[in-house]
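K.L.:
Taking the hints into account, I'd like the entire structure generated from these sequences.
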Amino acid sequence: MLRLEGLDKTYATGDRALKAVDLEVSKGQVLALIGPSGAGKSTLIRCVNRLVEPTGGKAYLDDVELTTLSSAALRRERRRMGMIFQEYALVERLTVMENVLSGRLGYVGFWRSFLRRFPQSDVDEAYRLLDRVGLLHMADKRADELSGGQRQRVGICRALIQNPALLLVDEPTASLDPKTSREIMRLIVEMCRERGLAAIINIHDVALAQMFVERVVGLELGALVFDGTPDELTPDVLTRIYGEEDWEATIEKVDEDDNEASQ
Amino acid sequence: MVSIKRSDGSQVWRKRTTGQSMVRWFGWLVGVAVFVWAWNFISEATTWFFVWDAPRIAGDIFSRATPPRWSYMEKLWEPIWDTLNIATLGTIFALFMAIPVAFMAARNTTPSRWIVRPIALLIIVSTRSINSLIWALLLIAIIGPGVFAGIVAISIRSIGFCAKLLYEAIEEINEVQVEAITATGASKLQTMAYGIVPQIMPAFAGIAVFRWDINIRESTVLGLVGAGGIGLQLSSSLNVLAWPQVTLILLVILLAVVIGEWVSAKVRGAII
Numbered sequence: 001m002l003r004l005e006g007l008d009k010t011y012a013t014g015d016r017a018l019k020a021v022d023l024e025v026s027k028g029q030v031l032a033l034i035g036p037s038g039a040g041k042s043t044l045i046r047c048v049n050r051l052v053e054p055t056g057g058k059a060y061l062d063d064v065e066l067t068t069l070s071s072a073a074l075r076r077e078r079r080r081m082g083m084i085f086q087e088y089a090l091v092e093r094l095t096v097m098e099n100v101l102s103g104r105l106g107y108v109g110f111w112r113s114f115l116r117r118f119p120q121s122d123v124d125e126a127y128r129l130l131d132r133v134g135l136l137h138m139a140d141k142r143a144d145e146l147s148g149g150q151r152q153r154v155g156i157c158r159a160l161i162q163n164p165a166l167l168l169v170d171e172p173t174a175s176l177d178p179k180t181s182r183e184i185m186r187l188i189v190e191m192c193r194e195r196g197l198a199a200i201i202n203i204h205d206v207a208l209a210q211m212f213v214e215r216v217v218g219l220e221l222g223a224l225v226f227d228g229t230p231d232e233l234t235p236d237v238l239t240r241i242y243g244e245e246d247w248e249a250t251i252e253k254v255d256e257d258d259n260e261a262s263q
Numbered sequence: 264m265v266s267i268k269r270s271d272g273s274q275v276w277r278k279r280t281t282g283q284s285m286v287r288w289f290g291w292l293v294g295v296a297v298f299v300w301a302w303n304f305i306s307e308a309t310t311w312f313f314v315w316d317a318p319r320i321a322g323d324i325f326s327r328a329t330p331p332r333w334s335y336m337e338k339l340w341e342p343i344w345d346t347l348n349i350a351t352l353g354t355i356f357a358l359f360m361a362i363p364v365a366f367m368a369a370r371n372t373t374p375s376r377w378i379v380r381p382i383a384l385l386i387i388v389s390t391r392s393i394n395s396l397i398w399a400l401l402l403i404a405i406i407g408p409g410v411f412a413g414i415v416a417i418s419i420r421s422i423g424f425c426a427k428l429l430y431e432a433i434e435e436i437n438e439v440q441v442e443a444i445t446a447t448g449a450s451k452l453q454t455m456a457y458g459i460v461p462q463i464m465p466a467f468a469g470i471a472v473f474r475w476d477i478n479i480r481e482s483t484v485l486g487l488v489g490a491g492g493i494g495l496q497l498s499s500s501l502n503v504l505a506w507p508q509v510t511l512i513l514l515v516i517l518l519a520v521v522i523g524e525w526v527s528a529k530v531r532g533a534i535i
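Read top to bottom, the protein sequences are chains A and B. Heads up: the first sequence begins at 1 in my numbering, then just goes up one per residue. Heads up: the second sequence begins at 264 in my numbering, then just goes up one per residue.
Note that these hints are calculated values from the structure, not bench results. A quick note: this is a predicted structure, and the numbers were derived from the prediction, not measured. Built from N, CA and C at the ideal position, the CB exists for glycine as well. Careful: at least some of the hints might be erroneous.
Calculated pairs, DSBU-like style, for lysine-lysine (alpha carbon to alpha carbon, straight line, at most 30 angstroms) [claimed, not checked]:
{"no.": "1", "chain 1": "A", "residue 1": "K141", "chain 2": "B", "residue 2": "K451"}
{"no.": "2", "chain 1": "A", "residue 1": "K141", "chain 2": "B", "residue 2": "K529"}
{"no.": "3", "chain 1": "B", "residue 1": "K451", "chain 2": "A", "residue 2": "K58"}
Incomplete in silico selection of chain A near chain B, CB under 7 angstroms [claimed, not checked]:
{"no.": "4", "residue": "V52"}
{"no.": "5", "residue": "M83"}
{"no.": "6", "residue": "L94"}
{"no.": "7", "residue": "T95"}
{"no.": "8", "residue": "S102"}
Chain B regions said to be covered by chain A (calculated; three or more residues, Cβ under 8 angstroms) [unchecked claim]:
{"no.": "9", "segment": "441-451"}
{"no.": "10", "segment": "461-473"}
P.N.:
In structure tokens form, the structure reads like this:
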């Protein structure tokens, strides 16, 4: 579904953020990308939808090669990649509904979007999604009136209304409390399962990642150093990704969480 | 703020080192000396007789200027209306021209940093640096005297001011929100309309009423050079030394400015 071949990014400052990353994500697979700050997690997913231009390698979405697309073709492919952000990245002064519908901008002409005349089917879908995440009553509130968890739900709606095949998720829980974090992760994973979406979720909370995903990929200094199931994350592996530390507590906590979740 | 190590090993903490304090003290000494010297120079060049005489002359003019000639008001309604129109239309035209200039000047939206941006900055600097009276003089020579010349003068003068404040607001937007809109596959124009415009709306409204407020003041004097508005009456009254009329005109201008200030404060309060 998504295939990265030797994807490389060197910033103008000379920092090599990605070192020939090879990665394949199959349809409907939810993958957590873990790694220390500055490992290149954000850069990796931004190179896929080219918010950051990769400097080498190739990225295929199904059979379309993304790195060489013209800007019009790139916009068309971006519609198939929904993105969810760390600080929600809602347009604060627009309403919830406008924020959700902005996910349809790639499908709607300029004047229609400017005059807020979206097709009725888009409007229906927006209401349906807001209802699904429990925010229907907030539809006409301004985005800056919402709490963090609510904003992230709106962010999820905006990504899903694009009708994407792939979700690129950048630290969705980094600014949320532990309970809301789990709710958001659960929502993202559920939505992916319902719609058969593949997802790459950047996350620095290892325990949270282990709870929800089927595959974990570890990135360190721009290179892949681990690719496996959540169970395979042993203290040795975590040391390889993050460096020396006592990891037993982190993993133990995960076991408890798992028990809790299964009860 | 510096930490200084004394010879006995103790650390003291002062705002400045001894050397810096000496330099500053010397700087003040030189400053005071220059001030005293300049004072002497000005004093010698002044005809003090006129200065001592000033209060008496001012009193004389004041007594001749009061009471205002209220009946003159009937000739002022139209010019004050013109003045307000010059300010309002001038501001609106200026905003229309300032928006594209601002987008071309802002580092994050300019189509080209090395060609378009310098041109936009040049427009901003050149329109701002020339006073609206001078613009009016030029425009009267080109398009003849009257209200239209005043409107054009005010709008040209305002482009730079509005564009400068607006492009600074554009540069301060939150880029992540723009990124999020870009990521949906939106076109450049849509990204602007959804990602940037909502973020700069409060600044834009604030700039618009602020400039309108300034333009009311500026348009009251445009008539002095024949560009329409109440300034024309002011200059003709001054020329014939009709002091009671001058007083009335000044009162009318004051009133217009106060009303303008009140309206713009209300509008700003409502938006921000």
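K.L.:
All hints, please: hold or fail.
P.N.:
How the hints compare with the structure:
For the suggested pair K141 of chain A and K451 of chain B, the alpha carbons sit about 26 angstroms apart, so the restraint of at most 30 angstroms is met. With a C-alpha separation of about 24 angstroms, the suggested pair K141 of chain A and K529 of chain B falls inside the 30 angstroms cut-off, and the hint holds. Between K451 of chain B and K58 of chain A the CA atoms are separated by roughly 25 angstroms; this keeps the pair inside 30 angstroms, and the hint holds. Because the smallest distance between the Cβ of V52 of chain A and any Cβ of chain B comes to about 10 angstroms, over 7 angstroms, the interface hint for this residue is violated.
For M83 of chain A, the interface hint holds, the least distance from its beta-carbon to any beta-carbon of chain B being 4 angstroms, beneath 7 angstroms. With 7 angstroms as the threshold, the beta carbon of L94 of chain A comes within range of chain B, its nearest partner Cβ sitting at about 5 angstroms, so the hint holds. Evaluation of the T95 of chain A hint against chain B yields a violated restraint, the C-beta minimum of about 10 angstroms exceeding 7 angstroms. Given the 7 angstroms rule on beta carbons, the hint for S102 of chain A holds: about 5 angstroms separates it from the nearest Cβ of chain B.
Proximity of the segment 441-451 of chain B to chain A, defined as three or more residues with a beta carbon under 8 angstroms from a beta carbon of that chain, is established by the 9 residues found. Residues of the segment 461-473 of chain B with a Cβ under 8 angstroms from some Cβ of chain A number 4, which satisfies the need for three, so the listed coverage holds.
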